[in-house]
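Protein chains in written order, with the numbering used here: chain A, 1 to 200; chain B, 1 to 200; chain C, 1 to 200; chain D, 1 to 200.
Careful: at least some of the hints might be erroneous.
Since the list gives no way to pick one copy over another, a pair counts as held whenever it fits inside one copy or between any two copies.
[What the hints assert, rightly or not] Simulated pairs of lysine-lysine, DSSO-like, Cα-Cα distance not exceeding 27 Å: (1) Lys166 <-> Lys34; (2) Lys34 <-> Lys50; (3) Lys50 <-> Lys69; (4) Lys180 <-> Lys166; (5) Lys177 <-> Lys50; (6) Lys180 <-> Lys50; (7) Lys194 <-> Lys180; (8) Lys170 <-> Lys69; (9) Lys170 <-> Lys180; (10) Lys170 <-> Lys194; (11) Lys194 <-> Lys50; (12) Lys69 <-> Lys180; (13) Lys194 <-> Lys177; (14) Lys13 <-> Lys50; (15) Lys166 <-> Lys194; (16) Lys50 <-> Lys170.
Calculated from the structure, these hints are not laboratory results.
Protein chains: 4
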Amino acid sequence: MSLLAQPINCTLKASGESSTDAMIAVMKSASEEKGATVAGTVRAAALDIKPGVTSDEGDGDEWPEVREKILAADILILGTPIWMGSAGSVAKRVMERMDAFLEETDDHGRMPSYGKVAVAAIVGNEDGAHFASAQIFQALNDVGWTIPAVAACYWVGEAMGSTDFKDLEKTPEMVAKTAKMVAANAVHLAGLLKRDAYPG
Amino acid sequence: MSLLAQPINCTLKASGESSTDAMIAVMKSASEEKGATVAGTVRAAALDIKPGVTSDEGDGDEWPEVREKILAADILILGTPIWMGSAGSVAKRVMERMDAFLEETDDHGRMPSYGKVAVAAIVGNEDGAHFASAQIFQALNDVGWTIPAVAACYWVGEAMGSTDFKDLEKTPEMVAKTAKMVAANAVHLAGLLKRDAYPG
Amino acid sequence: MSLLAQPINCTLKASGESSTDAMIAVMKSASEEKGATVAGTVRAAALDIKPGVTSDEGDGDEWPEVREKILAADILILGTPIWMGSAGSVAKRVMERMDAFLEETDDHGRMPSYGKVAVAAIVGNEDGAHFASAQIFQALNDVGWTIPAVAACYWVGEAMGSTDFKDLEKTPEMVAKTAKMVAANAVHLAGLLKRDAYPG
Amino acid sequence: MSLLAQPINCTLKASGESSTDAMIAVMKSASEEKGATVAGTVRAAALDIKPGVTSDEGDGDEWPEVREKILAADILILGTPIWMGSAGSVAKRVMERMDAFLEETDDHGRMPSYGKVAVAAIVGNEDGAHFASAQIFQALNDVGWTIPAVAACYWVGEAMGSTDFKDLEKTPEMVAKTAKMVAANAVHLAGLLKRDAYPG
């Protein structure tokens with residue numbers, strides 16, 4: 001079965017090198033190794049994604065295209081940096097826009113996200129990955145996403161450190177191993193749900 | 001396919017009436033309606049579950065039996081009260097004991113929880129359900145549980161209120177509706193994973 | 001001693017009625033009753049506050065004026081709506097901009113926020129206030145704010161409800177009582193710290 | 001002014017070496033350097049602290065003595081290990097017992113914790129310190145504790161690491177520096193509040 005994964009990079013920066021991109025790259029090769037196709041990464045901060053909780057906030061809002069890409073895929077790879085010990089504001093905004101799914105159910109009460117799986121790719125100089133994944137899993141699950149076993153691939157340095165993931169000489173072994181596990185689980189579960197949708 | 005759900009009541013009280021039990025009862029009938037068998041509820045506070053992160057802390061530790069029940073089932077219904085705005089200490093202890101799963105992987109790197117799904121049944125007098133579900137989803141997912149779409153059934157009263165769920169005259173309509181959705185998703189997903197296990 | 005409180009409304013909406021404003025109004029009168037002066041509310045979504053973690057992100061960034069207002073005051077009243085069970089993305093962005101304080105210490109290692117107190121004013125249709133206050137207290141405390149005893153005034157309706165705080169006929173008694181306590185504690189503590197600054 | 005700090009070690013282990021103890025030791029010397037007296041550490045897991053939310057759960061409950069020690073001090077140093085990315089279950093239990101403070105107010109509506117400050121000493125092999133401090137600050141603040149600027153001293157190793165804090169050859173410089181700052185702020189603020197209590 002052909003499965004499509006859509007990464008979103010929720011760095012605060014509109015352009016330039018990004019550790020979140022580096023983590024998404026790790027998840028991308030792990031996902032491709034498991035047979036998924038990985039779409040080009042959406043860089044959220046480069047787009048005008050308006051604050052709000054509807055699917056179209058009008059006036060140049062670029063969320064509708066992002067929404068379309070997300071819903072065309074089977075797997076969402078939500079990439080976010082850690083700021084102040086938790087997920088960044090851009091990731092929160094992206095998730096808030098999915099709040100609209102609650103009102104967009106089909107005849108069986110199923111949100112557009114039903115049958116899709118979400119995983120997290122999290123990086124920070126230091127501590128905050130578990131707080132970020134807690135926020136992400138709860139928020140995405142509330143709006144219909146399924147969370148496969150071991151769904152977070154993350155890296156942070158030692159407490160109060162300042163090393164960037166993108167500047168590491170090589171991908172830490174534990175990160176590479178976790179990425180493979182996350183990707184394998186996501187691909188397997190997305191395949192099952194694509195074949196056998198939640199009945200609602 | 002025959003599916004078994006195991007509820008755990010993580011109230012702080014060893015005996016007596018419990019709002020968490022009342023919420024588990026709502027989840028139980030919704031799960032049975034979807035064809036699952038629901039095992040007798042484990043009341044964690046009535047057992048001597050030692051603090052620790054291994055599967056057997058010796059000396060009268062009653063976790064091993066609970067662990068066996070959990071792993072014999074396909075669906076975990078983790079019931080917890082809200083205390084101080086988040087999941088209670090008994091729920092945290094129960095989850096901590098599953099930390100041992102990380103070391104108990106099979107030849108394919110799969111924890112004993114792989115292929116099982118977990119949902120939350122949360123009650124409180126007031127606010128805290130989302131904080132509780134964030135903690136629960138992250139902790140359980142880290143140790144191998146899969147989280148089906150919309151996996152939390154909860155009730156809390158108005159801010160700073162003091163009504164108990166068990167004293168409500170009837171189950172609020174939104175709770176009943178959510179319970180059906182949570183149960184339907186859990187049963188569907190547990191069935192898929194039972195038939196087609198994660199390859200690891 | 002003359003004390004100044006600065007409210008920030010972190011609703012997602014640039015204009016129009018706001019439940020967060022209604023909660024800030026409750027905190028405003030409680031603060032005035034305790035002798036503080038309350039500055040005009042900053043509506044964050046009406047300004048172009050760029051994503052980032054420096055004190056000036058250039059290019060039309062309107063954070064510098066907000067930063068100045070915050071630092072001219074003794075008390076910060078951070079008002080935020082709950083979205084997806086936690087603080088909204090606008091609140092997170094506002095807090096992220098204060099990350100810069102970490103690099104802006106004086107000769108005694110004190111951030112510009114040292115000696116100032118922060119309280120939260122949180123509203124939502126339903127559950128999420130404790131998750132929001134946990135995020136807010138941790139993030140603001142990390143960047144130097146002091147949190148007075150009982151520092152959150154909040155309201156949410158019953159689980160899965162949809163009533164707006166601004167549409168309530170009257171302020172619930174518990175909210176009014178809590179607001180008085182929060183304001184009294186904030187004013188007292190801000191006064192102490194203004195007279196006797198942290199030595200660093 | 002003479003100030004007393006009371007550390008509580010919330011490790012899951014009843015006895016033996018503890019990284020949390022090692023972190024408390026760092027906070028202890030920093031506090032003494034600032035002129036505070038530091039009481040002997042309470043090891044929560046070595047005591048029979050019953051689950052519950054009252055100040056005395058009867059039947060051999062050892063919380064009452066702990067409660068007395070906490071309330072005899074001016075500063076609480078809550079030490080906890082990180083398990084599953086957040087504060088351990090013993091820390092949560094200890095905090096839950098303080099829920100009783102809500103009902104133990106004086107004639108001015110002040111809880112027994114009013115006028116006392118709390119700081120956190122957090123250690124883990126890996127990520128979770130910010131999630132832990134968010135939980136701790138919110139829970140303790142709800143029941144009357146004041147949180148001084150920069151109130152968490154923590155250490156975790158690199159993501160998915162397994163080094164124990166107690167096995168480090170020396171205290172990392174950033175930890176030592178943070179401990180001094182946390183202690184200085186706690187001592188200063190506790191002194192102010194001891195001289196000038198919240199009026200309620």
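*If you check each hint against the structure, which ones fail?*
As far as the earlier hints go, 2, 5, 6, 8, 10, 11, 15 and 16 are violated by this structure, in ascending order.
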